[in-house]
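Protein chains: 2
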Amino acid sequence: MAKMNAFYAQSGGVTAVINASACGVIETARAHKERIGKLYAGRNGILGALHEDLIDTSRESVRTIAALRHTPAGAFGSARYKLKGLDENRAEYERLIEVFRAHRIGYFFYNGGGDSADTCLKVSQLASSLGFPIQAIHVPKTVDNDLPITDTCPGFGSVAKYVAVSIREAGFDVASMAATSTKVFVLEVMGRHAGWIAAAAGLAAEEEGDAPHVILLPEVEFDEGRFLAKVEGAVKKYGYCAVVVSEGVRGKDGKFISETGMRDAFGHAQLGGAAPVIAALVRDRLKLKYHWAVADYLQRSARHIASATDVTQAYAVGKAAVEFALAGKNAVMPAIIRKSDQPYRWTIGEAKLADVANKEKKLPRSYISRDGFGITPACRAYLAPLVKGEDYPPYRNGLPQYVKLKNVPVPKKLGPFGAS
Amino acid sequence: MAKMNAFYAQSGGVTAVINASACGVIETARAHKERIGKLYAGRNGILGALHEDLIDTSRESVRTIAALRHTPAGAFGSARYKLKGLDENRAEYERLIEVFRAHRIGYFFYNGGGDSADTCLKVSQLASSLGFPIQAIHVPKTVDNDLPITDTCPGFGSVAKYVAVSIREAGFDVASMAATSTKVFVLEVMGRHAGWIAAAAGLAAEEEGDAPHVILLPEVEFDEGRFLAKVEGAVKKYGYCAVVVSEGVRGKDGKFISETGMRDAFGHAQLGGAAPVIAALVRDRLKLKYHWAVADYLQRSARHIASATDVTQAYAVGKAAVEFALAGKNAVMPAIIRKSDQPYRWTIGEAKLADVANKEKKLPRSYISRDGFGITPACRAYLAPLVKGEDYPPYRNGLPQYVKLKNVPVPKKLGPFGAS
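Order-wise, the sequence lines are chains A and B.
The opening position of the first sequence corresponds to residue 1 in my numbering, with each subsequent residue numbered one higher.
The opening position of the second sequence corresponds to residue 1 in my numbering, with each subsequent residue numbered one higher.
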């Protein structure tokens, strides 16, 4: 068989370490030039494939590619673009195969979450049925940590570390000011459907009285009265209360609490912001001085405080994806398999995409404390190794040096998508 | 003269490095036991002196005190409590002197901003007039960087580094997602009156097109039309726009923009949150997808990304304060004197409290770009050395190890304040 090229694309919300996976893919592909030709990347993810907007990664130096390991976000551009089902939009899948065929792409590495695992699987199936077999390998990534089978998702460990460090620091701050100033501090973190990120903040509370005192998870229906009693109790006992609220928390009515409260001057609902809603509740009902923070993108891009475990795993799944391809595998994903908690030992296993696609791993009930406002020792044992180790980027003049790629386009061979 | 004891208190909003100043004060006082007796700290700042709630720092080990250098926030508790003028509340000052006399305190080290410099000066003046002379030395601290004479205020350099690092990272994130997702990202930072912190975010923009593209400073009146045009221009040119907004930005009417917008379900004005107001404007007027973050306390407690320059200076002013006292000085403050920008060379000088108290150093016009949305090369030259160097705290199990003190109380000798 003639040597085939490879295609790599980043999908969905980016993370502090998705480029470390890219680094693993590219460095490993380069190490096997006898088997893999060029490695092309999609500009803005899968859109790059649909529009034949390919990037020639061979134009980047060894040093530049190595620097991807410590650079946050998506170096080739990512996309929030979900391909529909095969029946609904077969044309898109056929276009992908057309582009892959035109550029002799025999390996498809797709770096994303549950949706992209599904796309990856469909590409593999359709390519085969169209007589242009492509080995489609999914590379796991998501700060939400909601993929099944794999012990964790690269990207999550670094967000987890960021939120645990941040609430510990803010907790020290509020504790020292509470006698005359802020008594309740609310930090909003990501997690629209699953509470993994909010739960990770709980790692900061190692001793009685440590922040955070209250964690609001999407898995637990928000109960105003119980919440206020919990806050009041913490303030009475410790002098202050640090609250971590997941953006995905919902009330009895099933609506996000972030959607219930704020209206702007025109009466429009203010999108985003569970923290200000919670803080306003504390103010109105408990009459306590409050402050709130919304970490938003800061948390998922915070490469400066990345978990070394996370970086290592992100690189490892990228490398394993290429090795899987070289071993002839198809429609699979490298998964992190936990061998033991302490010391944390893990290895790379193999998950079938059919078992990964469109499944969501929520925080199990056994990880949530009985009152619903904290995490259990089992949860802590699961989370602790994922934030372990520091992996600082290089600095120049006090600022982290992140790399920007040249992203040289590959000459097009086809007409525009949809024009034929 | 018999050996006198010393008193140290933390005042106002805490910082990532105020404990490094405490460390400098305590270690230096311990090194001069032949001259300085016990070093007492005020529990919750000056309140500890008013209520004779003193902490015996001699009960903390050498190792614990050394760990203050890498621990954020106020280890003895700080207070937002401004003593009134001598005429308005002479009783409070007299009480301070009474407590100092009872505990044979001859040295008063007050670690804070402009208000506390004023208090420090008054204590010095009144003590002398009451026949119990106290050497009152102010130790500068404020994230706002608004004290005169000193080149910078310990605490500022670390916030500056935090916001510059954060907007760089979030900028990479948004840039990689902008094709299909968020086009405008808004980060709110502190600075109620002066724009130093927001300006520091500008350090992240080293090359054309780098984030942040727009900085909204309290020194520049907010003009909706010009702002929207600037954002639109950046989106057109770079595909996205990263905005940093100071909490202190005001509109034409002189009101904080954070107070203009949001109302909760009950119609109450929502306090805090310039970022959501700016983001809503972008949504309503430009119809662009947005995200916003409010760093709040995370920025000033972020010891994990402290500036090494800042930590060094915080320690140095603490040390110098004790040395000033030993040299017989009174009503002064160690100030950082810049000798050169590049390489940054500085030394400790001496500022009279009468020249420091109640004066506010705002961002000069020459540091603001002509269009008002950025910083000038002069500003960059001033700011750049302040964020230089990393000074990471020690980690255990992936989390920074910050120290908690025992804070053993000193037995009281007086009745309660106001009871006599």
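Do not rely on the hints blindly, as some may be mistaken.
With a straight-line Cα cutoff of 27 Å, these simulated DSS-like cross-link-like pairs (lysine-lysine) come out [said to hold, decoys possible]:
| # | chain 1 | residue 1 | chain 2 | residue 2 |
| --- | --- | --- | --- | --- |
| 1 | B | Lys406 | B | Lys230 |
| 2 | A | Lys406 | B | Lys236 |
| 3 | B | Lys406 | A | Lys236 |
| 4 | A | Lys388 | A | Lys84 |
| 5 | A | Lys404 | B | Lys252 |
| 6 | A | Lys388 | B | Lys404 |
| 7 | A | Lys362 | A | Lys252 |
Since the hints were derived computationally from the structure, they do not count as laboratory data.
We went through each hint and held it up to the structure:
| no. | hint | result |
| --- | --- | --- |
| 1 | Lys406(B) <-> Lys230(B) | 53 Å, violated |
| 2 | Lys406(A) <-> Lys236(B) | 20 Å, holds |
| 3 | Lys406(B) <-> Lys236(A) | 20 Å, holds |
| 4 | Lys388(A) <-> Lys84(A) | 38 Å, violated |
| 5 | Lys404(A) <-> Lys252(B) | 40 Å, violated |
| 6 | Lys388(A) <-> Lys404(B) | 22 Å, holds |
| 7 | Lys362(A) <-> Lys252(A) | 19 Å, holds |
Taken one by one, the earlier hints fail for this structure at numbers 1, 4, 5, listed in ascending order.
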